[in-house]
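Let the hints inform the model, and build the full structure from the sequences given.
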Amino acid sequence: MEERYNAQNIEKKWQEYWDKENLFTVTENTALPKFYCLEMFPYPSGRIHMGHVRNYVIGDVITRYKKMHGFNVLHPMGWDAFGLPAENAAIKRGVHPSKWTYENIDYMKSQLKKLGLGYDREREVTTCAPEYYRWNQWFFLKMLERGLAYKKSSYVNWCPSCETVLANEQVIDDKCWRCDNIVAQKELEQWFFKITAYAEELLRDADTLTGWPEKVVTMQRNWIGRSEGVEVDFRVTGSDRGMRIFTTRHDTLYGATFMSIAKKHPLVAELVKDENILKEIESLSDDPEEKEGVFTGFHAENPLTGDKIPIYVANFVLMEYGTGAIMAVPAHDQRDFEFAKKYNLPVKTVIQKPEDRGQSTVNGQRSTVNGITEAFEEDGVLVDSAQFSNLPSEEARGKIADYLEKEGLGKRVVNYRLRDWGISRQRYWGTPIPIVYCPSCGIVPVPEKELPVVLPQDALLAGKGVSPLSEINEFAMTKCPECNGDAKRETDTMDTFVDSSWYFLRYCSPKAEDNPVDPDAVEYWMPVDQYIGGIEHAVLHLLYSRFFTKVIRDIGLIKINEPFSSLLTQGMVIKDGAKMSKSKGNVVDPDFLVNKYGTDTVRIFCMFAAPPERDLEWSDQGVEGAYRFLNRIWTYIYKNHDLLSSKGHDRLKDLPQLSSRASQLLRKTHQTIKKVTNSIERDYHFNTAIASLMELFNDISAFKPTGDDDAAVLRFGIRNMIVLISPFAPHIAEDLWRETGRGKSILNEPWPGWDENIAKEEEIELVIQVNGKLRGKVMIPAGLEDEAIKEKAFSEPKVKEHIKDKTLKKVIVVKSRLVNIVI
RNA sequence: GCCGGAGUGGCGGAAUUGGUAGACGCAAGGGACUUAAAAUCCCUCGGGGCUUAACUCCGUGCCGGUUCAAAUCCGGCCUUCGGCACCA
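Just so we're aligned, residue 21 is where the first sequence starts under this note's numbering, counting upward by one.
To be clear, the hints were calculated from the coordinates, so they are not data collected in a lab. Because the structure is a prediction, the values reported are computed rather than measured. Treat the hints with caution; some may be incorrect.
[As the list claims (entries may be wrong)] Restricting the straight-line Cα-Cα distance to at most 25 angstroms, the calculated cross-link-like pairs of lysine-lysine (DSS-like) are:
| hint | residue 1 | residue 2 |
| --- | --- | --- |
| 1 | Lys531 | Lys508 |
| 2 | Lys172 | Lys40 |
| 3 | Lys133 | Lys119 |
| 4 | Lys129 | Lys616 |
| 5 | Lys235 | Lys616 |
Right under this line is the structure:
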């Protein structure tokens, strides 16, 4: 054993050993309980950053911990390898995306290895490989068959910098999720996945995600945005044309004083012929701050009242939601109210607060905006609403919906905020969409047996805003699979979120050739027991993956409903109060740290500095502290090498036969096993687990054994400490494990249990309070009876001092904890 | 605006879920070793009142409440970080 802790040497040694022994390679062993531990796979951007390190170390700690508990642990890693940076690198530096990507993967793989992360390397998945993306194409075809993939022209989010379309989920605050540029609207023909067909199930099953942070589940629920309402048909006056509106507030139907429709509503083109009005409509601002509208010159008839009310085009009505048309009830909707105020439209109150019941409405029947300062949006009691007057809102909605349905004037519907997932991308480095456009046969799917449609290597990447594939004739020009005539291929590629929507299934059977997944393997491994990744995917990747899982279930390949049983969203790595980023110049390079201190130090620091779900404030001095801790352990074992080494197991004597110092250390050891185990089991609070290991080591290093029994207890403490620390600092643990005379890998060592009888304190410190204030502490034997405890408390001089001659009101005894004397 | 977290020493964070606030670590100060420094080791370390100690108040964002007892539960507010934001 070397005198000095040389992290580089021992880390290299054990990494090679684990590799050679394939200690993390697993098979579907049904005799063992399985555990699937997964971290979100990285985009191969070039180098691992601290966020990755934190993410993957958390997963590795859990993997090693579960392995020691006897689980058959699947812990795979792969590469989310399609994406824009590869293409941008190609444009900028002339290196092919493929070369760039694979070189990055090679380098990052070596970085992961140096971190000591234990993966089943046989299962590595790379999404840009045809063997992988061919199944994206296969899923696309299956979805097409089921009507879950379709093409339509629509306004889409266009990122001018990435020169491609983005899905709604990928637009954050009107900006591109990747490059932060402002996103524009552009009308394009695009392929969509019909995620809305699963809206109800995605929402319903959100209730089953009990192992997820409530926050993430809530975000998904909000994103899906279910709302129940009715569609009501109004008639356009002087035409046989109807107009259908959606509302959730049909209790306010009697208060509608005008109609609002979207700019793109078909009614506009159909009815409005006046050029000036059309021009005005066209020039309506998109500014969400300012409500603007134009009177179309037409009126609509309220099917309940027969009232003729004007139809406006309003800039705040969305064509994409509901029917693109609404009834406007200014008295009870703030937006309509502001609109009415601006254009001096009537306001009719039809809902009152219950306590205002019976009072006349403003101005009797109808009033103008004067006299009201804002819309009353809450539920209340109906007034001026014919036979529905005096009903509470809730009940009125039911009755009115019944009435509308009975009279054929409308029907109950459910709307979702969730939109279908636009997956077309006008970029090169992605999965080709397996579609052929034939002049005579139309849209023809590429037959399954012809998959994969391989992405050609020789694209001209100039970044001109058209799909690079469309410029490669050998690719774009093809024959129609049906009539064999000349045809054109689809030249858009798929959103890379498609790749990551099922990679966790592929890991179960990464080499399956006839199917994207082997159903038996999936049956064994899925669902993922612990998924770990950043909160930024709360709706993106995590919602898409849930959708894909349900689709693949319906295709019949798998049986599960949900992919991830438990989710841990780790916090960001922060330095100087900001997220680490190149632009802020506050990045810490993992390579540098690993070379300087070794990965065990980095791992210990990352796990110790904060619980995993919270942000981690980087501290160079904190890293030093972690390094110091490992050094102290090393030096201690070096100095006491002969004493600590043992070939066999010591026979420990029972507590009463040990010296009091030895029994204290033995107790501390059992308490530490308990504490570390509970900290990990309860909520993966590794920081407190490591803190208690530090405490144990402090006790160990202060313990000066005299005699064999003391030495045996010391060895017991050290041995357990090494085992307990091994998930966090596996290399030094493995090395010290061997140095202290253990044969096999520490990875195969079972996780220790504790003896509650030994862990239990024999003596406890009794806290004595007088009127809730701390007045004394005494050591008493654990399990003392209340009366005896009281007696102890009252006999304390300081306590007597405080009580003096005052009369006792009450004495509270908390078993083996405290006494509170109330006077 | 709506929804959801968070607020504890100089700092990162603990606190068996109502029972000793500040575990563990970092930083800081003092000391030992050294010719000297680094490393290492030992001691102190929430604030006030005391030269020190004993002792004693105050103290978990703010105000109030419940309770023998509140960082923890309840009501109201402030700050901060996320998410959603014309979704009818």
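(request) Quick one: which hint numbers does this structure break? Sort them smallest to largest. (result) 1, 2 and 5
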